[in-house]
Amino acid sequence: MKFDELLKEAWLAESRPPSPPQDLTRRARRQQYGHRLQRAAEVALTLVAVLLFGQALVSERIDPSHWLLMPFFVVFLPIAWAIVLRAPRRHLRDASERASTYARLRLSQLRTGLRDLWLARATAWALLAYALAANVVAWLLAGPDWHNAGLFLLASAVVWFGATLWLSGRLRRQWLREYRAVRRLVSG
Amino acid sequence: MHPLWPNVQAFHPQLWRAVCGYELNPAVREELLQDVLLAIWESLPRLRDPALLLPFVLRIAHNLGASHVRSETRMPLPVPFDENLHDVADSGGGSAHTQWLFEAMTTLPLNLRQALMLQLEGFDYQEIADMLGISAENVGVRLHRARQRLKALSTQENT
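Residue numbers (numbering that gives the first Met the number 0), protein chains in the order written: chain F, 0 to 187; chain Y, 0 to 158.
Treat each hint with caution, since some may be false.
To be verified - Here are a few chain Y residues that sit away from chain F, every Cβ distance over 10 Å (derived from the structure):
id, residue
1, ASN6
2, ALA9
3, VAL27
4, GLN33
5, GLU41
6, ASP48
7, PRO108
8, LEU119
What the hints assert, rightly or not - If you only want the chain F side, here are some residues facing chain Y, beta carbon under 8 Å, derived:
id, residue
9, LEU6
10, SER14
11, PRO17
12, LEU23
13, ARG25
14, ALA55
15, LEU56
16, ARG60
17, SER95
If you're looking for bench data, these hints aren't it; they were derived computationally from the structure.
Virtual Cβ for every residue (Gly too), placed ideally from N, Cα, C.
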């Protein structure tokens, strides 16, 4: 038998092992709920920040924790929203395009995603640096109220920094891998 | 439910083979197939000509497969093509040659692999060119290179 025929025969011999039927409607709904939940969490976080600082500003009762946390949110919220609103999301429907079109689209989405990850890391570093500097100043020059607020700010910044680095590292590896694979497809 | 959805189910064997060309882990294969089916489910309203359903669903499978591709390619198991052994099945149900083929396939660059998988599925040069968005000549070149690589791999293991 010729090599080509052997290949074809081997190819057609592959069959799917028996598996329980999957409910696609439920899977699609779960995916939609996931997206909505993510968006709702972002909106809730923004509202909490706006209410917290809005109320403090209106009532003119701004304590040290407000002062120290305000720059944190002033940097965090615009960056987070810029990423959320600007990011071209991956839609499964895009996969019905021709391979070359899909590859270009995916490359552009991945480039934007990688840029946003860089921005998120840079922001996390900036916030950590700010928290450290604010603590140094608070502990050297201010009273106990400022010390507690400073520690709270530092703890938030460290948690945020760790979470950003963990998530960004995970996504970056995955996206870079896909980027390299898809780029080869376009250039080939 | 889209009226063409029952027809998609008839193409599960072709979709499964496409998925197997990108992933070797059986559990991940199943997961990838579910993603492909979900993408087809969402994309079916975009299909203009129902006669082109198979190329349409395979295009989705190959696009998602290309995005899914693993970081490393493994060298295939040393089971070269041998006509005398070709019909001997292994204990897992599929033939050893099928396993070799899919292992060997993962060592091919994506652009060669996609063209080869579509040809093995029975599409001609022009159909493959339309699905991949390249010229028929380019398809010929890719198929030639893919076969050469697989042959070299097979010969290497025979010696």
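Verification of the supplied hints:
Every beta carbon of chain F lies more than 10 Å from that of Y:ASN6, the smallest distance being close to 15 Å; the non-interface claim holds. Remark: the non-interface label on Y:ALA9 is consistent with the geometry, its nearest Cβ contact in chain F lying 13 Å away (cut-off 10 Å). The beta carbon of Y:VAL27 is kept farther than 10 Å from every beta carbon of chain F, the shortest such distance being approximately 13 Å. The non-interface label for Y:GLN33 is inconsistent with chain F: the shortest C-beta to C-beta separation is roughly 6 Å, within 10 Å.
The beta carbon of Y:GLU41 is not kept farther than 10 Å from every beta carbon of chain F, the shortest such distance being approximately 5 Å. Look at Y:ASP48: its CB is around 13 Å from the nearest CB on chain F, clear of 10 Å, so calling it non-interface holds up. Interface exclusion of Y:PRO108 from chain F breaks down, the closest Cβ pair being 6 Å apart, not more than 10 Å. The Cβ of Y:LEU119 does not lie farther than 10 Å from every Cβ of chain F; its closest approach is about 4 Å, which violates its non-interface assignment.
Given hint, F:LEU6 at the interface with chain Y, holds; its Cβ is 6 Å from that chain's nearest Cβ, closer than 8 Å. Taking 8 Å as the C-beta contact cut-off toward chain Y, the hint placing F:SER14 at the interface holds, the least distance being around 7 Å. The interface hint given for F:PRO17 is broken, as the beta carbon of that residue sits about 10 Å from the closest beta carbon of chain Y, more than 8 Å. Because the smallest distance between the Cβ of F:LEU23 and any Cβ of chain Y comes to about 5 Å, under 8 Å, the interface hint for this residue holds.
Taken as an interface hint, F:ARG25 does not check out: its beta carbon lies about 11 Å from the nearest beta carbon of chain Y, beyond 8 Å. Because the closest C-beta pair between F:ALA55 and chain Y is about 45 Å apart, greater than 8 Å, the hint is violated. For F:LEU56, the suggested interface contact is broken, since its CB lies about 45 Å from the closest CB of chain Y, more than 8 Å. Nearest Cβ of chain Y to the Cβ of F:ARG60: about 51 Å, over the 8 Å cut. The hint is violated.
With a least beta-carbon distance of about 4 Å to chain Y, the hint placing F:SER95 at the interface is held under the 8 Å criterion.
When the structure is compared with the earlier hints, violations turn up for hints 4, 5, 7, 8, 11, 13, 14, 15, 16 and for no others.
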